[in-house]
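All chains should be built: construct the whole structure from the sequences, respecting the hints.
Protein chains: 2
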Amino acid sequence: MSNSDAKQGESASLGLTVKKSENLSEWYQQVVLKAGFADYSPVGGCMVYMPWGYAIWEHIRGYLDSELRKLGHQNAYFPLLIPESLLKLESDHFAGFMPEVAWVEHGGDEKLQERLAIRPTSETIMYYMYAKWIKSHRDLPLLLNQWNNVVRWDTKSTRLFLRTREFLWQEGHTAHATKEEAEKEVFTILGIYERLLRDALALPSIVGLKSEGEKFPGALFTATLEVLMPDGKAVQAGTSHHLGQNFAKVFDIRFLTEQQTKEYVWQTSWGVSTRLIGSLLMVHGDDKGAIIPPRVAPVQVVIVPIYYSEQDAATVTVKAKSVAQRLEAAGLRVKVDDRADKTPGWKFNEWELKGVPLRVEIGPRDVVKDQAVLARRDTREKIQVKLEELETRVQALLDDIHATLLKRAEDHLVRNQWDIEDYEQFKRVLEEKGGFLRASWCGYLDCETTIKNETGATVRVIPLNQKPKHEKCFRCERKATKLAYFARSY
Amino acid sequence: MSNSDAKQGESASLGLTVKKSENLSEWYQQVVLKAGFADYSPVGGCMVYMPWGYAIWEHIRGYLDSELRKLGHQNAYFPLLIPESLLKLESDHFAGFMPEVAWVEHGGDEKLQERLAIRPTSETIMYYMYAKWIKSHRDLPLLLNQWNNVVRWDTKSTRLFLRTREFLWQEGHTAHATKEEAEKEVFTILGIYERLLRDALALPSIVGLKSEGEKFPGALFTATLEVLMPDGKAVQAGTSHHLGQNFAKVFDIRFLTEQQTKEYVWQTSWGVSTRLIGSLLMVHGDDKGAIIPPRVAPVQVVIVPIYYSEQDAATVTVKAKSVAQRLEAAGLRVKVDDRADKTPGWKFNEWELKGVPLRVEIGPRDVVKDQAVLARRDTREKIQVKLEELETRVQALLDDIHATLLKRAEDHLVRNQWDIEDYEQFKRVLEEKGGFLRASWCGYLDCETTIKNETGATVRVIPLNQKPKHEKCFRCERKATKLAYFARSY
Numbered sequence: 004m005s006n007s008d009a010k011q012g013e014s015a016s017l018g019l020t021v022k023k024s025e026n027l028s029e030w031y032q033q034v035v036l037k038a039g040f041a042d043y044s045p046v047g048g049c050m051v052y053m054p055w056g057y058a059i060w061e062h063i064r065g066y067l068d069s070e071l072r073k074l075g076h077q078n079a080y081f082p083l084l085i086p087e088s089l090l091k092l093e094s095d096h097f098a099g100f101m102p103e104v105a106w107v108e109h110g111g112d113e114k115l116q117e118r119l120a121i122r123p124t125s126e127t128i129m130y131y132m133y134a135k136w137i138k139s140h141r142d143l144p145l146l147l148n149q150w151n152n153v154v155r156w157d158t159k160s161t162r163l164f165l166r167t168r169e170f171l172w173q174e175g176h177t178a179h180a181t182k183e184e185a186e187k188e189v190f191t192i193l194g195i196y197e198r199l200l201r202d203a204l205a206l207p208s209i210v211g212l213k214s215e216g217e218k219f220p221g222a223l224f225t226a227t228l229e230v231l232m233p234d235g236k237a238v239q240a241g242t243s244h245h246l247g248q249n250f251a252k253v254f255d256i257r258f259l260t261e262q263q264t265k266e267y268v269w270q271t272s273w274g275v276s277t278r279l280i281g282s283l284l285m286v287h288g289d290d291k292g293a294i295i296p297p298r299v300a301p302v303q304v305v306i307v308p309i310y311y312s313e314q315d316a317a318t319v320t321v322k323a324k325s326v327a328q329r330l331e332a333a334g335l336r337v338k339v340d341d342r343a344d345k346t347p348g349w350k351f352n353e354w355e356l357k358g359v360p361l362r363v364e365i366g367p368r369d370v371v372k373d374q375a376v377l378a379r380r381d382t383r384e385k386i387q388v389k390l391e392e393l394e395t396r397v398q399a400l401l402d403d404i405h406a407t408l409l410k411r412a413e414d415h416l417v418r419n420q421w422d423i424e425d426y427e428q429f430k431r432v433l434e435e436k437g438g439f440l441r442a443s444w445c446g447y448l449d450c451e452t453t454i455k456n457e458t459g460a461t462v463r464v465i466p467l468n469q470k471p472k473h474e475k476c477f478r479c480e481r482k483a484t485k486l487a488y489f490a491r492s493y
Numbered sequence: 004m005s006n007s008d009a010k011q012g013e014s015a016s017l018g019l020t021v022k023k024s025e026n027l028s029e030w031y032q033q034v035v036l037k038a039g040f041a042d043y044s045p046v047g048g049c050m051v052y053m054p055w056g057y058a059i060w061e062h063i064r065g066y067l068d069s070e071l072r073k074l075g076h077q078n079a080y081f082p083l084l085i086p087e088s089l090l091k092l093e094s095d096h097f098a099g100f101m102p103e104v105a106w107v108e109h110g111g112d113e114k115l116q117e118r119l120a121i122r123p124t125s126e127t128i129m130y131y132m133y134a135k136w137i138k139s140h141r142d143l144p145l146l147l148n149q150w151n152n153v154v155r156w157d158t159k160s161t162r163l164f165l166r167t168r169e170f171l172w173q174e175g176h177t178a179h180a181t182k183e184e185a186e187k188e189v190f191t192i193l194g195i196y197e198r199l200l201r202d203a204l205a206l207p208s209i210v211g212l213k214s215e216g217e218k219f220p221g222a223l224f225t226a227t228l229e230v231l232m233p234d235g236k237a238v239q240a241g242t243s244h245h246l247g248q249n250f251a252k253v254f255d256i257r258f259l260t261e262q263q264t265k266e267y268v269w270q271t272s273w274g275v276s277t278r279l280i281g282s283l284l285m286v287h288g289d290d291k292g293a294i295i296p297p298r299v300a301p302v303q304v305v306i307v308p309i310y311y312s313e314q315d316a317a318t319v320t321v322k323a324k325s326v327a328q329r330l331e332a333a334g335l336r337v338k339v340d341d342r343a344d345k346t347p348g349w350k351f352n353e354w355e356l357k358g359v360p361l362r363v364e365i366g367p368r369d370v371v372k373d374q375a376v377l378a379r380r381d382t383r384e385k386i387q388v389k390l391e392e393l394e395t396r397v398q399a400l401l402d403d404i405h406a407t408l409l410k411r412a413e414d415h416l417v418r419n420q421w422d423i424e425d426y427e428q429f430k431r432v433l434e435e436k437g438g439f440l441r442a443s444w445c446g447y448l449d450c451e452t453t454i455k456n457e458t459g460a461t462v463r464v465i466p467l468n469q470k471p472k473h474e475k476c477f478r479c480e481r482k483a484t485k486l487a488y489f490a491r492s493y
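Protein sequences appear in the order of chains A and B.
Position in the first sequence counted from 1, then plus 3, gives you our numbering.
Position in the second sequence counted from 1, then plus 3, gives you our numbering.
Don't take every hint at face value.
The list cannot tell twin chains apart, which means a pair is met if one copy fits it or any two copies do.
Derived pair list, reagent style BS3-like, types lysine-lysine, alpha-carbon separation capped at 25 Å [as the list claims (entries may be wrong)]: (1) K23 x K410; (2) K138 x K430; (3) K470 x K436; (4) K91 x K114; (5) K91 x K135; (6) K324 x K159; (7) K91 x K187; (8) K37 x K291; (9) K430 x K182; (10) K350 x K138; (11) K37 x K135; (12) K410 x K385; (13) K455 x K472; (14) K73 x K324; (15) K138 x K338; (16) K385 x K291; (17) K114 x K159; (18) K138 x K37; (19) K338 x K91; (20) K22 x K410; (21) K345 x K138.
The hints are simulated quantities; they were obtained by calculation from the structure and are not laboratory data.
Since the model is a prediction, treat every value here as computed from it, not as a measurement.
And the structure:
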């Protein structure tokens, strides 16, 4: 009795004080902070990635890095600081990033001759080097990637993982001999990102192109992946840009062809960031806390020994540790929570808050019967299994949890897309339902700007191979040329 | 004949134009640039880590990260930018780093209310958070590490990998309940570093303590590893600091003990950086280029098919690829150089320059006889092996190459240590021979400063368990309390 009271008292302070459906924003912040994914820092707009959150990034990095290597991409590292004169060379690019640049003006006591930008992205510093390195068609394609930190001095309010002034990401930068080869790269990468989201993070996404107003400053076009949050707002989860020859001309990146002519290279750049962590937390979690998709979970299986006497404690804990060893040998990430000063119920709550996908409970009777109870984080279902089939069942359950999370997110995505006929309906659906608003659209920047200013919604993505359903733009009556997905976004 | 002429012409422009023994500094720069480990950038003092150099860092990171995890350390990530007020809190620390800080004063067009330092190291920003997180003895030890970039606006001239204004490193920061536990951590880490150097980088080091003049600003004491370069100058390869309670008192990091008292924590911090890459390149290379120790080599085995007819080309290349597959299946990093526009000789030169530890040559006769020729990079010895024993022989040779590189470096280290009797001899040996000068020393800061100013040599390391051999200091006649190793350093 007193045990149960204590448990409730503890779990109340540990647990969430708000439901996900009632206040998503507050729920999200509580999950991130209370489960120890991240913390605010004393630097306005910059966050601390705590071990529980950083580990997810390490798994994302492991998955993606391996995919990129298979296609011949290599990692490198370029300087953090970019001379202003270099950043200025491509004017659209500079205009796009200028308002968000953090500037270094002093080194020690000495005023610098030229101020240096902390990289908001690395096109300019990298392409200065590319011009030096690329001489011949034999140097192409050049396929480089870097895992680093960038700073964008955003004035909007901070949201942990989703909007911070410094964040971690990877940025790939490639140079090719032809426009077609660069275009192929843009969509190859988009495909890799889409699979990363679906297969590792259990996140479905809508892929396609950005509009003129939303494309990367300096790009020919931008391909994007958009993920839908529970409140109907979109998150841009990754982008892949066809840079054409814009930067090549500015930085004079030319190569000698086999025919001995000199040509400018065609380039791409692309990236995903730690926003992905924010996205998966917001999509998958529930009122008990986070639910981390198994393939990127820092701990995939937590084992909680359950006992009510000192005598049982030893037996059960020994069993728990041997079970852990078996699961680790099967390649899983496992933790035994053998803290003596916490009740099993307290531990259940804590690991549910932290989002471990599967819990194994082992009590004295389980030891005798050579069995264990598996508790799924996603459905909260409990399953009794014989230890002889432990590894198989655990692996199957983790796969099923992944599939279930993905299916839930897919259902949400499907249920929250609306076909829009006209601007009045657009505004009404946006207010009442949110989600993706599919509309036949003219594609003009002025129309896009008007919609953004009047409603706060932007063109998130224009899927390839989808045609407008009406002749005229849903808002401005010009000819409809695209089927665009509008939404409000993070 | 013409083939051979072409080869010589090509290799002359590709290869090194200076011998290692004649001009180490120029030799080093040529190796780093021509082999593609790194390049200069348009930002003064900052370098580009090219894939061939960055990959070594990834292997160092893989080795060390795994060792740190085994002991319970976790990775995290803290902000790049540190408010000046925070950096100032510990006065020795601030005084030490202040002259080298790069300051951010503007975000976009807006002048910041307080200027922000780009981290030269992360004690202050991390310990601000530690004060928030550590409440009870149950929160200890806290064992965090981060892999990141730091900036120190050094005014000395740049040397690729060895001295740059931005560099990559890891910084570990731990908090403990007792002074003894922190001290144990300092030396545990020193041991891990020592093994990293010896077992992965084939670098012997001298370990011990730093003097008062050389210890970390804000530390109780600093433990260090020093590696000797071919010119007799030392490189500080890693440090591990006992911070005592200095930072804990300044940042108010206190915990509730089991006895319900409040105590300040005891802390350590420690790091190794991409300097390690510069050190191993400088120590192991020869007049043909780099020699990368096998365990951190981006490519451990390069396979060069050798043929003089189109007909042979196909057979030999197929064989080369099947050999590569076998070696990859054995867990090795392998590359087949099947470029059709380069001669075997050209390829040999290039991979020797780049430092691949083992080359496999396969010609038409080898295919028939089911054999191959292995060429060691370190001794340039060629060994004919039967393909049936390929994996075993290659693995054994790689281990032997590691052992040979380590032995060479150990011999150099042993041969370049001198017992010093007095200051005149000290100055003479320093000029004529360099290396480590072992001297019975008083330990006083004023004596250390005088020696540094007069000779350019500093106390590199004071090994534990070595006693002074004379009663009096070799320079100032005060009582000798330590046996100190002096050297000039990078």
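How the hints compare with the structure:
Proximity of K23 to K410 under the C-alpha cut-off of 25 Å is restricted to the intra-copy arrangement: shortest distance 19 Å within a copy versus 62 Å between copies. In the homo-oligomer, the alpha carbons of K138 and K430 never lie at most 25 Å apart, since the shortest distance is 53 Å inside one protomer and 50 Å across protomers. Taking the closest pair of Cα atoms, K470 and K436 come within 25 Å of each other only inside a single copy of the chain (24 Å); across copies the shortest separation is 79 Å, beyond that limit. Both within a single protomer and between protomers do K91 and K114 lie at most 25 Å apart by alpha-carbon distance, with minima of 20 Å and 20 Å respectively.
When the C-alpha separation of K91 and K135 is checked against a cutoff of 25 Å, the pair qualifies only within one copy, where the shortest distance is 19 Å, while the shortest distance between copies is 41 Å. When the C-alpha separation of K324 and K159 is checked against a cutoff of 25 Å, the pair qualifies neither within a copy, at 48 Å, nor between copies, at 54 Å. When the C-alpha separation of K91 and K187 is checked against a cutoff of 25 Å, the pair qualifies neither within a copy, at 29 Å, nor between copies, at 51 Å. Taking identical chains as interchangeable, the C-alpha atoms of K37 and K291 lie at most 25 Å apart only when both belong to the same chain, with a minimum of 11 Å there against 57 Å between chains.
Within a single copy, K430 and K182 get their C-alpha atoms no closer than 39 Å, and across copies no closer than 64 Å, so neither meets the 25 Å cut-off. Taking the closest pair of Cα atoms, K350 and K138 come within 25 Å of each other only across two copies (19 Å); inside a single copy the shortest separation is 61 Å, beyond that limit. Proximity of K37 to K135 under the C-alpha cut-off of 25 Å is restricted to the inter-copy arrangement: shortest distance 13 Å between copies versus 49 Å within a copy. Taking CA atoms no more than 25 Å apart as the test, K410 paired with K385 passes inside one copy only; the shortest distance there is 20 Å, against 59 Å between copies.
For a Cα distance limit of 25 Å, the shortest separation of K455 from K472 inside one copy, 22 Å, qualifies, whereas the shortest one across copies, 80 Å, does not. Taking CA atoms no more than 25 Å apart as the test, K73 paired with K324 passes between copies only; the shortest distance there is 17 Å, against 37 Å inside one copy. Taking the shortest alpha-carbon separations for K138 and K338, only the inter-copy value of 23 Å comes in at or below 25 Å, while the best intra-copy value is 52 Å. When the C-alpha separation of K385 and K291 is checked against a cutoff of 25 Å, the pair qualifies only within one copy, where the shortest distance is 16 Å, while the shortest distance between copies is 65 Å.
Taking identical chains as interchangeable, the C-alpha atoms of K114 and K159 lie at most 25 Å apart only when they sit on different chains, with a minimum of 16 Å there against 30 Å within one chain. Taking identical chains as interchangeable, the C-alpha atoms of K138 and K37 lie at most 25 Å apart only when they sit on different chains, with a minimum of 15 Å there against 53 Å within one chain. Taking the shortest alpha-carbon separations for K338 and K91, neither the intra-copy value of 51 Å nor the inter-copy value of 40 Å comes in at or below 25 Å. Taking identical chains as interchangeable, the C-alpha atoms of K22 and K410 lie at most 25 Å apart only when both belong to the same chain, with a minimum of 22 Å there against 64 Å between chains.
In this assembly of identical chains, K345 and K138 lie within 25 Å of each other by CA distance solely across copies; the values are 17 Å between and 65 Å within a copy.
Of the numbered hints given earlier, the model fails hints 2, 6, 7, 9, 19; all others are met.
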